[in-house]
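Engineer: Sequence:
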Amino acid sequence: MEAIKFSQKINIEDTQEIIFDYTQDYNKRLNWDTFLKKAELINGAINADIGVRAYCVAKNGIGMETEYVSFNRPKVTAVKMTKGPFLFKTFLGSWTFKKLKQGVTEVTFLYSFELHFPFSLLTYFIKRNLQNNVQQRLLDLKTCIEKSTNA
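Here the working numbering is used: the first residue of the sequence shown is 1, the next is one more, and so on.
Hints listed in this document are in silico derivations from the structure and should not be mistaken for laboratory results.
One thing to keep in mind: the hints can contain errors.
Once the Cα atoms are required to be at most 25 angstroms apart in a straight line, the calculated DMTMM-like pairs of lysine to aspartate or glutamate come out as [claimed, not checked]: (1) K9 with D21; (2) K142 with E13; (3) K80 with E67; (4) K75 with D33; (5) K99 with E65; (6) K83 with E106; (7) K99 with E146; (8) K28 with E2; (9) K99 with D25; (10) K9 with E65.
Take the sequences, apply the hints, and build the full model.
Structural biologist: And the structure:
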């Protein structure tokens with residue numbers, strides 16, 4: 001089965017560096033990421049970086065452990081699932097931060113995943129749910145960053 005992929009993007013009024021750092025700071029993650037109820041780096045890690053693992057739990061109670069496979073500040077970061085809910089056979093996510101003009105950054109989330117059977121029968125619904133969650137997370141990130149910048 002081929003991986004299911006989708007991406008969502010939003011323009012945020014701030015610099016690549018500020019947005020990248022804010023999104024990768026697990027002490028601030030729950031300030032903006034309304035999809036999650038828990039987000040932490042594990043195994044003694046203090047900062048996100050290649051090889052660092054994180055554990056996040058969605059508000060619906062589903063948890064996932066990921067490992068950073070890319071960390072190129074302030075442009076891109078990517079993670080792969082190392083342990084997660086049985087419905088996912090594989091899960092990869094990347095965040096890209098592209099400077100559009102002075103003080104405006106395009107933030108893109110890209111997800112790629114495969115589902116185990118019988119969850120693969122629900123691919124359309126699972127993808128749609130994830131897309132809605134990502135869209136809301138991006139809106140919440142934009143609101144949080146622009147509110148703090150304009151405060």
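Engineer: All hints are to be evaluated individually against the structure, with a verdict given for each.
Structural biologist: Results for each hint:
Simply put, K9 and D21 have alpha-carbon atoms about 18 angstroms apart, close enough for the 25 angstroms limit, and the pair holds. The straight-line distance between the Cα atoms of K142 and E13 is roughly 8 angstroms, inside the 25 angstroms bound, and the hint therefore holds. Pair hint K80 plus E67 holds up; C-alpha atoms about 5 angstroms apart against a cutoff of 25 angstroms. This hinted pair checks out: K75 and D33 have alpha carbons roughly 20 angstroms apart, not beyond 25 angstroms.
Restraint check: the Cα-Cα separation between K99 and E65 comes to about 30 angstroms, which exceeds 25 angstroms; the hinted pair is violated. Note on K83 and E106: the hinted pairing is violated, with a Cα-Cα distance of about 30 angstroms set against a maximum of 25 angstroms. Note on K99 and E146: the hinted pairing holds, with a Cα-Cα distance of about 16 angstroms set against a maximum of 25 angstroms. For the suggested pair K28 and E2, the alpha carbons sit about 35 angstroms apart, so the restraint of at most 25 angstroms is broken.
Straight-line distance between C-alpha atoms of K99 and D25 comes to about 20 angstroms, which keeps the hinted pair within the 25 angstroms bound. For the hint linking K9 to E65, the alpha-carbon distance of about 24 angstroms falls within 25 angstroms, and the restraint holds.
Taken one by one, the earlier hints fail for this structure at numbers 5, 6, 8, listed in ascending order.
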